[in-house]
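Protein chains in written order, with the UniProt record's numbering: chain A, 1 to 230; chain B, 1 to 230.
Hints should not be assumed to be uniformly reliable.
Identical copies carry no separate label here, and so any pair may be met within one copy or between two of them.
The calculated lysine-lysine pairs, modelled on DSS-like cross-linking and capped at a C-alpha distance of 27 Å, are [stated by the list, open to error]:
no., residue 1, residue 2
1, K230, K5
2, K16, K32
3, K202, K139
4, K139, K158
5, K158, K183
6, K32, K200
7, K230, K91
8, K139, K230
9, K230, K32
10, K158, K230
For the record, the hints were derived by calculation from the structure and aren't laboratory data.
The residues making up each chain are set out below.
There are 2 protein chains.
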Amino acid sequence: PPGRKVLIVYAHQEPKSLNGSLKRVAVEELSKQGCSVTVSDLYAMQFEPRATRNDIVGCLHNPEEFNYGVETWEAYKRGDLSNDLIEEQKKVQEADLMIFQFPLYWFSVPAIMKGWMDRVLVQGFAHDFPNCYDSGLLKNKLALFSFTTGGSREMYAKGGISGDIRYLLWPIQHGIMHFCGVKVLAPHICFAPEYVSEEKRKEMLIAWAQRLKTLWKEEPINCSPEWYFK
Amino acid sequence: PPGRKVLIVYAHQEPKSLNGSLKRVAVEELSKQGCSVTVSDLYAMQFEPRATRNDIVGCLHNPEEFNYGVETWEAYKRGDLSNDLIEEQKKVQEADLMIFQFPLYWFSVPAIMKGWMDRVLVQGFAHDFPNCYDSGLLKNKLALFSFTTGGSREMYAKGGISGDIRYLLWPIQHGIMHFCGVKVLAPHICFAPEYVSEEKRKEMLIAWAQRLKTLWKEEPINCSPEWYFK
Numbered sequence: 001p002p003g004r005k006v007l008i009v010y011a012h013q014e015p016k017s018l019n020g021s022l023k024r025v026a027v028e029e030l031s032k033q034g035c036s037v038t039v040s041d042l043y044a045m046q047f048e049p050r051a052t053r054n055d056i057v058g059c060l061h062n063p064e065e066f067n068y069g070v071e072t073w074e075a076y077k078r079g080d081l082s083n084d085l086i087e088e089q090k091k092v093q094e095a096d097l098m099i100f101q102f103p104l105y106w107f108s109v110p111a112i113m114k115g116w117m118d119r120v121l122v123q124g125f126a127h128d129f130p131n132c133y134d135s136g137l138l139k140n141k142l143a144l145f146s147f148t149t150g151g152s153r154e155m156y157a158k159g160g161i162s163g164d165i166r167y168l169l170w171p172i173q174h175g176i177m178h179f180c181g182v183k184v185l186a187p188h189i190c191f192a193p194e195y196v197s198e199e200k201r202k203e204m205l206i207a208w209a210q211r212l213k214t215l216w217k218e219e220p221i222n223c224s225p226e227w228y229f230k
Numbered sequence: 001p002p003g004r005k006v007l008i009v010y011a012h013q014e015p016k017s018l019n020g021s022l023k024r025v026a027v028e029e030l031s032k033q034g035c036s037v038t039v040s041d042l043y044a045m046q047f048e049p050r051a052t053r054n055d056i057v058g059c060l061h062n063p064e065e066f067n068y069g070v071e072t073w074e075a076y077k078r079g080d081l082s083n084d085l086i087e088e089q090k091k092v093q094e095a096d097l098m099i100f101q102f103p104l105y106w107f108s109v110p111a112i113m114k115g116w117m118d119r120v121l122v123q124g125f126a127h128d129f130p131n132c133y134d135s136g137l138l139k140n141k142l143a144l145f146s147f148t149t150g151g152s153r154e155m156y157a158k159g160g161i162s163g164d165i166r167y168l169l170w171p172i173q174h175g176i177m178h179f180c181g182v183k184v185l186a187p188h189i190c191f192a193p194e195y196v197s198e199e200k201r202k203e204m205l206i207a208w209a210q211r212l213k214t215l216w217k218e219e220p221i222n223c224s225p226e227w228y229f230k
């Protein structure tokens with residue numbers, strides 16, 4: 001609906017890929033709805049995935065023994081995080097919905113996107129014990145993981161060789177998003193697009209556009225072990 | 001035992017950290033046994049986590065539409081992967097055992113280590129359909145995930161707020177290591193070292209050294225859904 005803000009965190013090297021097209025479809029459809037859409041195109045930004053001392057501007061809280069979690073927490077409070085992190089945190093803060101668009105790499109997000117999680121979702125900003133899970137600091141936001149796989153739907157079925165696809169969603173949906181208080185919409189999965197016809201890939205794009213039309217009416221999943229492992 | 005080769009893939013910024021000490025203990029104990037130990041110290045190497053066109057030397061197989069999986073597979077066959085990847089693959093090839101030593105970041109390995117998985121375990125080298133899972137190309141090797149957590153043992157218990165710790169091991173142990181044919185030893189977990197006494201942290205180091213003394217007699221876990229979700 002008009003006025004809603006969406007952040008698309010996008011990790012693919014090739015604009016002509018299906019991931020690139022899925023990202024474009026989302027920008028178009030959500031913009032058409034009157035949403036304001038921002039894209040963090042991680043490869044194009046050459047986004048830094050490594051969690052290092054460079055993320056803190058100026059002096060360290062404890063220069064004797066570097067502790068990344070403590071130092072970024074302190075730096076957040078002082079306003080001394082590096083600029084690239086401050087920029088991403090602003091986008092997250094403004095967003096009603098975050099869409100993560102990526103190809104599944106090794107049962108998870110690509111390292112460049114994991115680096116975005118590791119570095120942007122700093123203590124004090126995204127969570128701050130006991131403000132985690134349902135009282136995480138990013139509550140009232142939604143997240144949706146939209147991704148492509150190498151393996152087929154059958155491989156990722158319950159009892160399939162790679163196990164139920166939901167098993168691998170636990171760390172990213174529950175461990176990251178739910179931990180920060182974010183509510184999670186059902187994932188959007190395009191299975192094995194490299195092994196289907198051009199026609200089928202077009203249908204995948206249409207299906208995504210269709211889903212986005214009624215996305216704001218969706219209820220979040222019940223992000224508890226039952227959803228994943230039952 | 002004398003002659004066994006061990007690769008420790010290590011991801012912590014601070015040598016004085018518990019992770020740094022756990023790594024040192026492993027180098028010392030395994031060397032004492034007569035093993036030959038190699039360490040990939042990812043932060044010290046400034047290891048590149050991003051999967052990009054730079055990983056392929058010279059021309060691309062399909063310059064019209066960049067596909068990282070296809071390009072690295074082709075480059076591997078031609079011997080045209082970047083030098084940093086060739087170096088890591090040599091270490092993996094020689095290793096009887098890989099130990100991954102890291103602090104748990106967001107229910108998974110830090111991005112710099114995820115980048116090592118994404119970039120080093122190339123198709124053709126680590127797997128090559130149908131050579132995956134029990135017939136993966138790295139069979140006859142062992143892997144062990146040794147890590148520290150922020151959350152306590154209680155939070156990571158079955159029914160705990162963060163769920164059984166085994167849930168989050170599925171993608172890395174099964175999805176990555178087992179997929180490549182590697183057999184997995186039980187993980188070694190130090191819960192919440194930042195919240196215990198110096199005395200307790202010393203006990204953690206001693207327990208790790210003790211385990212390493214009989215490590216070669218251990219049987220791998222049964223890396224199937226039962227181990228993780230039952």
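Hints, verified against the model:
1. K230 - K5: Neither: 34 Å inside a copy, 40 Å across copies.
2. K16 - K32: within (22 Å within a copy, 53 Å between copies)
3. K202 - K139: neither (35 Å within a copy, 39 Å between copies)
4. K139 - K158: between (31 Å within a copy, 25 Å between copies)
5. K158 - K183: both (25 Å within a copy, 22 Å between copies)
6. K32 - K200: Answer is within; shortest intra-copy Cα gap is 25 Å, inter-copy 58 Å.
7. K230 - K91: neither (35 Å within a copy, 40 Å between copies)
8. K139 - K230: within (26 Å within a copy, 31 Å between copies)
9. K230 - K32: neither (38 Å within a copy, 46 Å between copies)
10. K158 - K230: both (10 Å within a copy, 14 Å between copies)
This entry does not satisfy hints 1, 3, 7 and 9, going by the numbered hints stated previously.
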